[in-house]
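Construct the entire structure; sequences and hints are all you get.
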Amino acid sequence: MSVETGHPLLSVRNLAMRFGGIQALADVNFDIRQGSISAMIGPNGAGKTTVFNCITGFYRATGGSIHYRSDSHDINLVQVLGEKLHLKDFLNPPRLANRLYYKLFGGSHLVAQAGVARTFQNIRLFREMTAIENLLVAQHMQIIRNPISGVLQTPAFRRSEQDSIDRAHIWLKVVGLDKDANRLAGELPYGHQRRLEIARAMATGPKLICLDEPAAGLNPKETEELSNLIRLLRDQHQVTVLLIEHDMGMVMDVSEHIVVLDHGEIIAEGTPHEIENSPTVLAAYLGEDYSNTVVAPDGTTEESRPQEMISA
Amino acid sequence: MDIYILGQQLLNGLILGSIYGLIAIGYTMVYGIIGMINFAHGDIYMISAYLTAILLSLIFSLGITSLPVVLLLTLFFAMAITGTYGWAIERVAYRPLRGSTRLAPLISAIGMSLVLQSYVQISQGARNQGVPILIKGVLRLGGEEQFVQITYIQILIVIASFIGMAALTYIILRTSLGRQCRATQQDRKMAAILGINTNRIISTVFVIGSSMAALAGVLVTLNYGSFDFYIGFVIGIKAFTAAVLGGIGSLPGAMLGGIVLGMAEGLFSGFVSSDYKDVFAFGLLVLVLVFRPSGLLGKPEIEKV
Amino acid sequence: MPIQQKTSLRKALLDGFWSGILALIIFGPISGLVLKGYEVQNELMRPLLIALSVAVGRFLISYLIQTTKGRYYLGKLVGKRDAGVTVASLTKSKYQHLLIPVLVLAGLSVPLLLGKYWLTVVILALIYVLLGLGLNIVVGLAGMLDLGYVAFYAVGAYTLAMGAQYFELGFWTMLPVAAIGAAMFGAMLGFPVLRMHGDYLAIVTLGFGEIIRLVLNNMLEITGGPNGASAPSPTLFGLEFTRRAKQGGIPFHEYFDIAYSPSYKYIFIYLILFVVVCLMILFVTRLKQMPMGRAWEALREDEIACRSLGINHVTVKLSAFMMGAMVGGIAGVFFATYQGFINPSSFTFFESALILAIVVLGGLGSTVGVIVAALVLTILPEALRDFAEYRVLLFGIAMVLMMVWKPRGLIRIKRKAYELGEPTA
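Heads up: the protein sequence lines correspond to chains A, B and C, in order.
Under the numbering used here, the first residue of the first sequence carries the number 826, and numbering increases by one thereafter.
Under the numbering used here, the first residue of the second sequence carries the number 18, and numbering increases by one thereafter.
Under the numbering used here, the first residue of the third sequence carries the number 35, and numbering increases by one thereafter.
It is worth saying that the hints were derived from the structure and are not from the lab.
Any given hint might turn out to be false.
To give a feel for the contact side, a few chain C residues facing chain B, derived at Cβ under 10 Å [to be verified]: (1) 104; (2) 108; (3) 109; (4) 181; (5) 245; (6) 313; (7) 383; (8) 426; (9) 431.
Computed cross-link-like contacts, DSBU-like style, restricted to lysine-lysine with a CA-CA straight-line distance of at most 30 Å [as the list claims (entries may be wrong)]: (10) C:440 <-> A:998; (11) A:1046 <-> A:1004; (12) C:450 <-> A:1004; (13) B:206 <-> C:440; (14) C:150 <-> C:70; (15) A:998 <-> C:322; (16) C:322 <-> A:1004; (17) A:998 <-> A:1046; (18) A:1004 <-> C:103.
Using N, Cα and C, we set each Cβ at its ideal position, and we do this for glycine too.
Printed below as a string of structure tokens:
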């Protein structure tokens, strides 16, 4: 497996996030290449989920930008959430209009509409709806939504409904849940719910899918299947994958590019092989003492840590 | 602008505001601890008005006439019985719903509010009720023609509500019970793990909130003299507005919100229109929720994804 | 149960005793001492009886729950606790397609069977069916608690009355105008508040409901204030149902040369209303299986997940709010025309609470449930006039009990099952 040389689909620049007095992220920079499978790792509380929520539009970053460039879109994912108005904006009417527009009509949904889908750490399915209905909801961007044609059941509407049912069926087959189509999502076994959530995210037709700890709570066999599914999504459905995961075996197995976060900063970036052998990563995960004993032979000292942050 | 009218309206606002503040405590504490709007809270206040009249009549029939004794006895029993109401409502209508859907406690609370109103209406009749005027006398500041006036009972309202607030603040900040309340408010699961009986704390909060509403109810009844089974509704919404205005979940916020709302309402009805003063208060609620949902003293919520 | 606890009569007795004492404290003063002027009248038997029954009830529960058999019977009484939602089977029962024509025929023949009084009761019940269906969109499907639903009802009713008063427009013109007007009104109210957190939305809508009522009450010059305003009756192609023509047409009975009867007006209103209700049921049923309706339900289930799928939660909520408002407006027009006269006292918070009770008892989200609940809750009180006093009390108790016992309503909600052939794409 080699890193494909696609152009960067996502460029995160100087991303900063503050909650009250706490600096959760400070100056985060990285790229996600189109068609790659990337992983974000780091100890608990390193800020992975915060980065994730910034990318998928659930947190409005307090600084920096996230540029997303696909064939059809070139947007700043921070801007569409509706930034705070500054005094300067009132001197610049077009910018004010732009900001006001996003303030009124912007929000996380625009991020998803641009082609960024996600799953959640604690599964968020529509529990009292059936599995297939979960997928139908996800396709709302691709079908006829006009309420009048829906009420009158026009032929065009029925065709569009049938198409979406067929597409939902295909996705259910991809994740191996076609038997469960008419079961309530909340009643499915845990592993199935995980896969249904991925199928639902894929049904929105994304360019980038962000998986938040997809292997949490799965047994080794299910994790193996999940890895295969992730590869299949990338290879056959042309989607770029970004995942947060604690299962290192899976991360090393499936991902081509890894970003390591600690204390709200990126401490390393590179291929799985590079990350495995990076002293800073070991230090972050296992503590300074350990890193000293391991790292000492190479002559790397604690002080040099910030300088050798970026490999790759 | 007439300085005396302005002063009078501000004073009226302060009096009204301390009442709102006392009732708002019940909303704000309950919201802080279990995150629900206790719709029946306004009706708790209404119950305390009825209790005032009933207790006064009982105390007089026992031959007690010393005014301070009458007042203290009425206050004590009204607060105790209303507190029991608060406890019972929580036990019957809200506790079984922990961990249920978001809408369930709200709907249950509305049901409880209907139950209380119609229970009082059935037992006491639909007509207006009243109490005799016990405390007479007015304090006037200013000249013969123009003055600002405050009745003694209104002075009592302001003093009593500040004493009530101070006592409550002391309990919350300085006692073990208060610490347990604050811990439960921060993180109910964690508090339970540390051995705090969270159900008991939640009950206590209902009792405290209800007795504060009773304090307000007794004072207002002594002041206005008349009430019916429907009075809890509008004052309930306004007290909730006060709680939101001050920042829901915050005790000093409830009092501050109450006074700000009371004064704003006083000024509005004095200088704009008294027919639309309720419209103004509800309008203010909407504006606060749209532009500053965390209120004057509240902390903004961070959405958990 | 592997461990058989020893049943303790003493514990049960104590439980019963303390519950009784508490009940006495609670019910004693209010229901036992009735205010007569500044005196109280002794009615202490009432709280004693209540307290006694509470004590006995608590004792029985406390005792039964300690025994295996008791738990079994209590369990039977309470029923199985489940989600209350199932998926319909793909195979339809063979009577299903017969059911709807039979119900429609039965509905159309109602005016032949009932006298004028009961006909008016049934009309009112159908108005509540409409209101229930409308509020069900907002509360049951989209999961937003709207406590000021009566505002849209009032807008509909006043649109008809004002339209007739100032522009001399009749029922048929004002029906669509009121529907659109109420929907626009819903959008106006909704847009600023729909971003709010659910509980705040409830209290803000409650405030709006009160604002509307107060404004109607205070704008004496325009609405007539507490004195109210009159509303026109519907006409049949210009034929009027009054004894003498009021709107410039010909009275119905003169045209057909039959004796005048005040029932004709109600029969006519009933028939139009029945058709509107049927159309509304069809409309709501189809909405549920459309992208819009699915988005509403998804939003009720999980707003954050919806946003992650690119659903604009504000516009989706707004569409539900407007749709609900529209149905409320239509119901308001029928209410005004049926009463012939409206004033703000018909649009109090109690009305909103009653409509909410219908939706809650019918099971949030279930169309059939809402229809049944609306019919039962409006017709039953008429049949049991002696208990009219207790109506509100019983509604309140029912709402609390439903939330504690069966939050999803008495009727199970059935979701549509989709047939999956081999995909053609």
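Against the structure, the hints come out as follows:
1. 104: violated, 19 Å
2. 108: violated, 14 Å
3. 109: violated, 16 Å
4. 181: Since the shortest Cβ distance to chain B is 7 Å, the answer is holds.
5. 245: holds, 5 Å
6. 313: Since the shortest Cβ distance to chain B is 28 Å, the answer is violated.
7. 383: Cβ of residue 383 of chain C sits 6 Å from chain B, so the hint holds.
8. 426: OK, holds: residue 426 of chain C within 10 Å of chain B, min 4 Å.
9. 431: It holds, given that the least Cβ distance between residue 431 of chain C and chain B is near 6 Å, below 10 Å.
10. C:440 <-> A:998: Since the Cα atoms of residue 440 of chain C and residue 998 of chain A sit roughly 36 Å apart, the hinted pair is violated (cutoff 30 Å).
11. A:1046 <-> A:1004: holds, 20 Å
12. C:450 <-> A:1004: Judged against 30 Å, a Cα distance of about 16 Å means the pair holds.
13. B:206 <-> C:440: holds, 26 Å
14. C:150 <-> C:70: Judged against 30 Å, a Cα distance of about 41 Å means the pair is violated.
15. A:998 <-> C:322: holds, 25 Å
16. C:322 <-> A:1004: Roughly 24 Å separates the two Cα atoms, so the pair holds.
17. A:998 <-> A:1046: Holds, at roughly 19 Å.
18. A:1004 <-> C:103: violated, 41 Å
Hint check: violations occur at hints 1, 2, 3, 6, 10, 14, 18; the rest are consistent with the structure.
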